[in-house]
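Chains as they are written, first to last, in the numbering used here: chain A, 1 to 103; chain B, 1 to 486; chain C, 1 to 166.
Note that these hints are calculated values from the structure, not bench results.
The structure displayed is predicted, hence computed values, not measured ones.
Cβ coordinates follow ideal geometry from the N, Cα and C atoms, glycine included.
Mixed in with the good hints there might be a few duds.
To be clear about the criterion: a stretch of chain C counts as covered by chain B if any three or more of its residues have a C-beta under 8 Å from a C-beta of chain B, and this derived list gives those stretches [as the list claims (entries may be wrong)]: (1) 50 to 57; (2) 94 to 100.
Cβ-Cβ distance ranges computed for the label pairs, FRET-style [to be verified]: (3) A:Ser3 with C:Gly64: 45 to 53 Å; (4) B:Val414 with C:Ile126: 55 to 63 Å; (5) C:Leu148 with B:Thr99: 50 to 58 Å; (6) C:Leu10 with B:Arg152: 26 to 34 Å; (7) C:Pro92 with B:Pro448: 50 to 58 Å; (8) B:Met150 with C:Phe72: 18 to 26 Å; (9) C:Thr68 with B:Pro448: 42 to 50 Å; (10) B:Val414 with C:Leu10: 27 to 35 Å; (11) C:Thr68 with B:Ala410: 30 to 38 Å; (12) C:His30 with B:Ala278: 51 to 59 Å; (13) B:Ile59 with C:Leu10: 54 to 62 Å; (14) B:Thr99 with C:Val103: 49 to 57 Å.
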Amino acid sequence: MISLEHVLVVGALLFSIGLFIALSRRNAVGVLMGIELMLNSVNLNLIGFARFVEAPRPIDGQVFAVFVITVAAAEAAVALALAVAVYRLRQTIDVDRLNLLKW
Amino acid sequence: MRPDLNLDYALLVPEYILGLLALAIIVIDLMMPKIRKDALPFITAGGLAVAFAVSLLYIDTDDNFAGLLSIDDYTTFFRCFFIAVTFVTVLASAQYVQTHLRHPGEYYSLLVISTVGAIYMAAAQELLTAYIALELLSFSLYVLVSYAKMERRSNEAGMKYMLLGAFASALLLYGISFIYGASGSTSYAEIAAAFEGGTEGFTFGTLIGLTLIVAGLGFKVAAVPFHMWTPDAYEGAPLPITAYLSATSKAAGFALLLRLFSGALMPVIDDWQFMLAAVSAITMALGNLIAIQQRNIKRLLAYSSIGQVGYMLMGITALSPEVSSALLLHMTGYVITNMAAFTAIIAYHNASGAEDVSDFRGASDRAPLLAAVLTVALFSLAGMPLFAGFLTKFILFQSVADNGYFWLAALGVVASLVSLYYYLTVIKEMYVSAPPDSFQQEGRFRIPLIMQGAVIVLTLGVFFVGLYPAPLFELTDSVAAVLFTS
Amino acid sequence: MTVAEVVFYLLALLSVIAAVGVVTVPNVVHAALFLILSLLGVAGFYILLSSEFLALVQVLIYGGAVATIILFGLMLTGGRDLPAVGPGAQWPLALLVSGALVVLLLTAVLNTTWPRDAGEMTLISINTLGSVLFREWLLPFELASLVLLVALIGAVVISSQEERES
Numbered sequence: 001m002i003s004l005e006h007v008l009v010v011g012a013l014l015f016s017i018g019l020f021i022a023l024s025r026r027n028a029v030g031v032l033m034g035i036e037l038m039l040n041s042v043n044l045n046l047i048g049f050a051r052f053v054e055a056p057r058p059i060d061g062q063v064f065a066v067f068v069i070t071v072a073a074a075e076a077a078v079a080l081a082l083a084v085a086v087y088r089l090r091q092t093i094d095v096d097r098l099n100l101l102k103w
Numbered sequence: 001m002r003p004d005l006n007l008d009y010a011l012l013v014p015e016y017i018l019g020l021l022a023l024a025i026i027v028i029d030l031m032m033p034k035i036r037k038d039a040l041p042f043i044t045a046g047g048l049a050v051a052f053a054v055s056l057l058y059i060d061t062d063d064n065f066a067g068l069l070s071i072d073d074y075t076t077f078f079r080c081f082f083i084a085v086t087f088v089t090v091l092a093s094a095q096y097v098q099t100h101l102r103h104p105g106e107y108y109s110l111l112v113i114s115t116v117g118a119i120y121m122a123a124a125q126e127l128l129t130a131y132i133a134l135e136l137l138s139f140s141l142y143v144l145v146s147y148a149k150m151e152r153r154s155n156e157a158g159m160k161y162m163l164l165g166a167f168a169s170a171l172l173l174y175g176i177s178f179i180y181g182a183s184g185s186t187s188y189a190e191i192a193a194a195f196e197g198g199t200e201g202f203t204f205g206t207l208i209g210l211t212l213i214v215a216g217l218g219f220k221v222a223a224v225p226f227h228m229w230t231p232d233a234y235e236g237a238p239l240p241i242t243a244y245l246s247a248t249s250k251a252a253g254f255a256l257l258l259r260l261f262s263g264a265l266m267p268v269i270d271d272w273q274f275m276l277a278a279v280s281a282i283t284m285a286l287g288n289l290i291a292i293q294q295r296n297i298k299r300l301l302a303y304s305s306i307g308q309v310g311y312m313l314m315g316i317t318a319l320s321p322e323v324s325s326a327l328l329l330h331m332t333g334y335v336i337t338n339m340a341a342f343t344a345i346i347a348y349h350n351a352s353g354a355e356d357v358s359d360f361r362g363a364s365d366r367a368p369l370l371a372a373v374l375t376v377a378l379f380s381l382a383g384m385p386l387f388a389g390f391l392t393k394f395i396l397f398q399s400v401a402d403n404g405y406f407w408l409a410a411l412g413v414v415a416s417l418v419s420l421y422y423y424l425t426v427i428k429e430m431y432v433s434a435p436p437d438s439f440q441q442e443g444r445f446r447i448p449l450i451m452q453g454a455v456i457v458l459t460l461g462v463f464f465v466g467l468y469p470a471p472l473f474e475l476t477d478s479v480a481a482v483l484f485t486s
Numbered sequence: 001m002t003v004a005e006v007v008f009y010l011l012a013l014l015s016v017i018a019a020v021g022v023v024t025v026p027n028v029v030h031a032a033l034f035l036i037l038s039l040l041g042v043a044g045f046y047i048l049l050s051s052e053f054l055a056l057v058q059v060l061i062y063g064g065a066v067a068t069i070i071l072f073g074l075m076l077t078g079g080r081d082l083p084a085v086g087p088g089a090q091w092p093l094a095l096l097v098s099g100a101l102v103v104l105l106l107t108a109v110l111n112t113t114w115p116r117d118a119g120e121m122t123l124i125s126i127n128t129l130g131s132v133l134f135r136e137w138l139l140p141f142e143l144a145s146l147v148l149l150v151a152l153i154g155a156v157v158i159s160s161q162e163e164r165e166s
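The shape of chain A in the complex, shown without the other chains (with noise of 0.2 Å):
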């Protein structure tokens, strides 16, 4: 049988894997592909925990994931605005190199 664990275990790789790609990253968007991986690793503990977990509502972790896929969608609509404003103005979005303001 898969067990909670086996979930939480993916969950965990998914998430640092997300992590190591939004730090390292260059390209804008590919920061953006980091933090999806993340949110999506974090959906994954919600349903394991939905699934597996004795609560008074055990549906709380299923609408929770639905939610968190609709920010996750927003979020990437108002990223690309913002990548395609960037490259107009600085021909460039290497996160490297966007460095008017000081990190």
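Mind docking chains B and C on chain A? Use the hints.
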């Protein structure tokens, strides 16, 4: 399916008004291009005033909506608080938006929508609602920060803010998933019930979850080491939005933290106090030290606001009814002071285009009123007697020390002294340095009446809180008590 | 090993390897395709955990909307010309942080006995999900619609081409 659910929509009327207002602004902007230029901010302000008045009807209500929101005095307090901040921001924006920005309708309507997010962050008694409200506020701010899209810095700031904000949300959510796993619920009350056994029910998984939640929310309120976005977003954003960021986004973060930690995590207080104490100490030390080197007034205030976050985190660390009341009092004083400072800077910027500290030289001759207001505000931020900052900080530090964190309060006093130094450099520029040569031809700046009125009212507020705090203190006392009764 | 377990391990292998692929391939467009593969793997997990509705949403939103947005984003911003991981000092630090994180998370996951772990799955029908979503969680649902409205307004305002520019 829960039959006992309270779905009384009448509890949410102020937010309906705000939502309708936001839509109305966009429609007016679209349909009536002639009146929109001058009238929009005033229509917005009028709608906000109505929402404010309606919010007052809910004083002494003690109810909840579907177990998701509490409508109690705490919520009423923050409803009035956030609506008032938006009101001031809208009025302070009027001239700036006309000269610098496009799409004024969307600008004002996003400000109004973000207020709804901020209010529900304070009202939420459940993690999912709190999270969505947080995202509502954050999304509006991402867009508003990058609103000056012809300007490179604004775009770049918006992109960095957005990517780091989304990153922080992911950390927060991962933390929430662990807390949900450990307690089986997202409701604050049920989480508290699950942790009732104290440290015994507290596993390593819960600790990691809690750490990630603190990291995620730390990003949103700009606590060190999660503060990297703050100076950039502050510098790149249009000035009124910088003011709004420093007030609403911080206060909303703390409103959420206060409700979360007092409502859900009180039983395991021994397990997280050390963590917040450390974050608070680093935040006030680093924020104030880095502020010394800043030459841009927005960046300077950004780091100063990071320092202020350190003081406020103290209040979460030593969580108790008295400390919460002191925290609310300090937050109110800080926001009034900060709005006064920023409104003066916006007015000065509108007239001169100034952004660097050196541009403020001779401000006492060029714009005596603004220089005086800015001086009052900066002294208050530094915590000088007579002004709001002294009294609220004194009460906060004292109650924190009384609750076993004397060293943290002592560090806060030292950090305040450091902050006095960099505030004084600004004041020195304004009063000691001679105005630039162009002053002879240009003469004094003309400041619109509405800005003059706004800065004078806010300055009176600073003195009022500083000299006669009793009414406000009683108010925050009763508001904080709500958090600890249930 | 039961069938479910075999499928689980295959899916785990697929989504983790695809995720590693996102990091390692030099071309950003290929990275985006790997990302989609990994997210589809996650959808497989949802089916395995008998959350079919979530799997459906996952495929529609990620496989459809988000994937398109990301590919458009890369196309409109000339992302292909950038090397994936720069020579800057960023990535060793990132490796350190995420390495530490994975150790911490795995310890947390494996050493914690989740106090409420029932050990078996509770089944939830899609009808229940629907009625709960629109009754108990109606308020967050409405807030989410506001979030989408803000994203919509924001995307239009930020990315619209102004006359003055050209």
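Hint-by-hint comparison with the structure:
1. Coverage of a stretch by a chain is defined here by at least three residues with a beta carbon nearer than 8 Å to that chain's beta carbons; for the segment 50 to 57 of chain C and chain B the count is 0, and the condition is violated.
2. Figure legend: the segment 94 to 100 of chain C, annotated as covered by chain B; annotation inconsistent (0 residues with Cβ-Cβ distances under 8 Å, at least 3 required).
3. For the pair A:Ser3 and C:Gly64, the beta carbons lie near 32 Å from each other, so the given range of 45 to 53 Å is not met.
4. One distance hint, 55 to 63 Å for the beta-carbon pair B:Val414 and C:Ile126, holds here, with the actual separation near 59 Å.
5. Checked against the hint of 50 to 58 Å, the pair C:Leu148 and B:Thr99 fails, with Cβ atoms roughly 31 Å apart.
6. At about 48 Å, the CB distance of C:Leu10 to B:Arg152 disagrees with the hint of 26 to 34 Å.
7. Evaluation of the 50 to 58 Å hint for C:Pro92 and B:Pro448 yields a pass: the beta carbon distance comes to about 53 Å.
8. Look at B:Met150 against C:Phe72: about 23 Å separates their beta carbons, and that is inside 18 to 26 Å.
9. Roughly 47 Å separates the CB atoms of C:Thr68 and B:Pro448, a value that falls within the hinted 42 to 50 Å.
10. The given range of 27 to 35 Å is broken by B:Val414 and C:Leu10, whose C-beta atoms sit roughly 59 Å from each other.
11. At roughly 56 Å, the beta-carbon separation of C:Thr68 and B:Ala410 lies outside the given 30 to 38 Å, and the hint is violated.
12. One distance hint, 51 to 59 Å for the beta-carbon pair C:His30 and B:Ala278, is violated here, with the actual separation near 42 Å.
13. Range check, B:Ile59 to C:Leu10: about 60 Å between beta-carbon atoms, so the 54 to 62 Å window is met.
14. Look at B:Thr99 against C:Val103: about 54 Å separates their beta carbons, and that is inside 49 to 57 Å.
Comparing the model with each earlier hint shows violations of hints 1, 2, 3, 5, 6, 10, 11, 12; every other hint is respected.
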